[in-house]
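Enquirer: Spelled out, the chains give:
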Amino acid sequence: MSSVMEPGGEAPAARKAVRLYTPPATLAGKLWGWRYLVLRRTVQIGVLLMFFGTLHWGWQIAGTPLLRGNLSASEFVGVIPMADPFAVLQQLVSGHMLQTTVLLGAAILLVFYVVAGRVFCGWVCPMNMVTDLAGWLRSKLKLNDLFRLSRSTRYWILGMALVLSAVLGVAAFEWVSPISMLHRELIYGVGMGLTAAVGIFVFDLLILKHGWCGHLCPLGAFYGLLGKRALLRVRFDERSCTHCGECARVCPEPQVLNLKQAAEHGMVTAGACTNCARCIPICPENSLDFALRWNAQPAADLRTRTQP
Amino acid sequence: MEPKRREFLIKTVQGAAVAACGGLVWAHLLRQEAAASVLALRPPGALAERDFAAACIKCGQCAQACPYDTLRMARAEDDTPIGTPYFVPRDIPCYMCADIPCIPACPTGALDPQLKDISKARMGLAVIDAESCLSWQGLRCEVCYRVCPVKGTAITIQNHPRQTSKHALFVPIVHSQACTGCGMCEEACPTEVAAIRVLNPKLVQGKIGSHYRLGWKSETPITQEFKPQESPPAAVSEPAAPKSAPGMDTLNQGLDP
Numbered sequence: 006m007s008s009v010m011e012p013g014g015e016a017p018a019a020r021k022a023v024r025l026y027t028p029p030a031t032l033a034g035k036l037w038g039w040r041y042l043v044l045r046r047t048v049q050i051g052v053l054l055m056f057f058g059t060l061h062w063g064w065q066i067a068g069t070p071l072l073r074g075n076l077s078a079s080e081f082v083g084v085i086p087m088a089d090p091f092a093v094l095q096q097l098v099s100g101h102m103l104q105t106t107v108l109l110g111a112a113i114l115l116v117f118y119v120v121a122g123r124v125f126c127g128w129v130c131p132m133n134m135v136t137d138l139a140g141w142l143r144s145k146l147k148l149n150d151l152f153r154l155s156r157s158t159r160y161w162i163l164g165m166a167l168v169l170s171a172v173l174g175v176a177a178f179e180w181v182s183p184i185s186m187l188h189r190e191l192i193y194g195v196g197m198g199l200t201a202a203v204g205i206f207v208f209d210l211l212i213l214k215h216g217w218c219g220h221l222c223p224l225g226a227f228y229g230l231l232g233k234r235a236l237l238r239v240r241f242d243e244r245s246c247t248h249c250g251e252c253a254r255v256c257p258e259p260q261v262l263n264l265k266q267a268a269e270h271g272m273v274t275a276g277a278c279t280n281c282a283r284c285i286p287i288c289p290e291n292s293l294d295f296a297l298r299w300n301a302q303p304a305a306d307l308r309t310r311t312q313p
Numbered sequence: 009m010e011p012k013r014r015e016f017l018i019k020t021v022q023g024a025a026v027a028a029c030g031g032l033v034w035a036h037l038l039r040q041e042a043a044a045s046v047l048a049l050r051p052p053g054a055l056a057e058r059d060f061a062a063a064c065i066k067c068g069q070c071a072q073a074c075p076y077d078t079l080r081m082a083r084a085e086d087d088t089p090i091g092t093p094y095f096v097p098r099d100i101p102c103y104m105c106a107d108i109p110c111i112p113a114c115p116t117g118a119l120d121p122q123l124k125d126i127s128k129a130r131m132g133l134a135v136i137d138a139e140s141c142l143s144w145q146g147l148r149c150e151v152c153y154r155v156c157p158v159k160g161t162a163i164t165i166q167n168h169p170r171q172t173s174k175h176a177l178f179v180p181i182v183h184s185q186a187c188t189g190c191g192m193c194e195e196a197c198p199t200e201v202a203a204i205r206v207l208n209p210k211l212v213q214g215k216i217g218s219h220y221r222l223g224w225k226s227e228t229p230i231t232q233e234f235k236p237q238e239s240p241p242a243a244v245s246e247p248a249a250p251k252s253a254p255g256m257d258t259l260n261q262g263l264d265p
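Protein chains in written order, with our numbering: chain L, 6 to 313; chain R, 9 to 265.
A couple of the hints might just be wrong.
[Said to hold, decoys possible] Derived coverage of chain L by chain R (criterion: at least 3 residues anywhere in the stretch with Cβ under 8 Å from a Cβ of chain R; other residues may be distant):
#, stretch
1, 62–75
2, 79–86
3, 106–118
4, 180–193
5, 197–205
Because the hints were derived from the structure by calculation, they are not lab data. Here the structure is a predicted model, which means the values were calculated and not measured. Using N, Cα and C, we set each Cβ at its ideal position, and we do this for glycine too.
Kindly generate the complete structure, drawing on both the sequences and the hints.
Expert: Printed below as a string of structure tokens:
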């Protein structure tokens with residue numbers, strides 16, 4: 006978070022007075038402030054419901070099951086296959102050639118997440134609701150971290166998942182993935198797999214802030230790598246920013262809000278950004294919004310200033 | 009050594025140690041999971057266990073395609089690798105649909121699309137516990153034989169002498185070359201705990217070994233040593249056939265007037 010507070014070498018006179026976020030008084034204002042949160046939860050629960058409804062309530066479109074399968078692999082209205090590209094990668098690394106259906110499904114989602122960035126984590130993953138709850142409760146209880154852990158741990162776990170897949174001949178992370186366990190058991194029947202979600206909740210709440218999603222999860226790390234050049238980005242308007250730091254306070258991956266870097270590119274560039282949009286409504290100056298990569302322009306005056 | 013370089017080396021070794029420990033625990037978990045595979049009965053067309061473990065993405069589309077809700081997705085506490093499809097025949101057996109809808113539902117090929125004839129499926133092998141089988145006790149039960157969808161081939165009824173009694177036993181016998189492992193017999197078995205059960209053939213099936221020659225079986229190939237000689241030995245002159253059947257003269261003795 007310290008990086009956010011860096012003055013960045015600008016002349017103090019160029020800065021406006023810092024104004025912190027004040028929650029809106031009216032209900033309509035509050036709802037508007039929560040618009041992305043409501044949208045995210047709607048998408049998350051909607052995806053879950055489509056899977057659940059297709060299995061248990063026979064949801065169909067023109068006589069074809071709406072969304073069959075689960076997040077690992079699925080089929081939308083009997084024609085569009087989808088598959089978790091990380092799970093498929095592990096399977097391929099394990100030395101097994103798969104059928105074209107699942108390869109096509111993985112390719113479809115691969116392209117989607119390359120374009121949209123790491124949106125899986127904040128918009129689809131059911132574990133996000135668990136970790137968000139833990140994070141919210143932790144902020145209310147004002148708990149401290151038990152230890153520090155590098156945020157790059159997840160990339161090592163990602164690497165190890167591929168190594169173990171190759172050595173043992175099975176998809177190493179997919180076999181023990183708490184995300185898959187949670188999602189599968191929510192759809193196909195609740196069992197002891199939910200203890201994995203409880204474990205992550207406790208870990209995030211009591212031990213390490215954003216512990217699972219921000220430090221350990223190799224699936225999030227994978228999507229973070231895919232999303233490095235994503236087209237959908239959080240645009241940053243350097244001219245109106247007062248560096249109040251409210252955005253970094255709510256961000257689950259605050260290291261991505263390196264405002265100096267963001268000002269240079271006119272957007273948040275790090276792949277680890279989940280495009281969750283927590284930062285957008287909280288910004289008192291409306292300096293942040295969604296934009297496509299090519300619509301984000303570095304501030305002209307800044308470009309001259311940052312040149313050595 | 010330069011302190012910075014020393015620190016870097018120590019950090020590297022420590023990192024490698026953590027990775028190795030974590031990797032070992034992780035690998036142990038995976039091995040344990042994989043070991044449970046041998047207890048599971050898989051959907052029709054499932055690849056051999058190692059290939060199936062590698063190919064199944066645990067999406068459950070086979071289970072959704074099953075019209076009888078036979079297939080279940082293993083939960084963490086089940087004796088089956090987490091998330092893989094399996095069935096418990098005593099609850100719901102495989103009803104052997106002719107179109108095998110679970111196979112085209114599989115996106116990865118973990119269920120082999122080459123399987124077109126359900127009677128060629130090998131999901132398991134039915135095994136009979138003679139100690140609790142009613143037929144083996146002498147009752148004319150034979151329920152398993154009657155419900156078997158490959159009746160007369162996978163299960164046959166053979167009679168079997170019962171010690172000194174004049175009544176025979178009529179006992180079901182399973183033939184592994186035809187049993188699909190669908191488990192309809194196990195579901196139907198009237199005993200409290202099924203006397204006929206479907207298991208992974210690996211757990212129950214033996215193998216004779218190629219060096220045994222069952223000479224009395226016509227299909228047993230005859231090896232070189234036992235082949236009859238190419239040229240038969242010099243012809244032994246056949247004894248002349250008796251003019252009348254042997255014994256005729258003695259039997260007819262005294263009948264002549």
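Enquirer: Taking the hints in turn, state whether each one holds.
Expert: Outcome of the hint check:
no.: 1; hint: 62–75; verdict: holds (count 4)
no.: 2; hint: 79–86; verdict: holds (count 3)
no.: 3; hint: 106–118; verdict: holds (count 3)
no.: 4; hint: 180–193; verdict: holds (count 8)
no.: 5; hint: 197–205; verdict: holds (count 4)
The structure agrees with every numbered hint stated previously.
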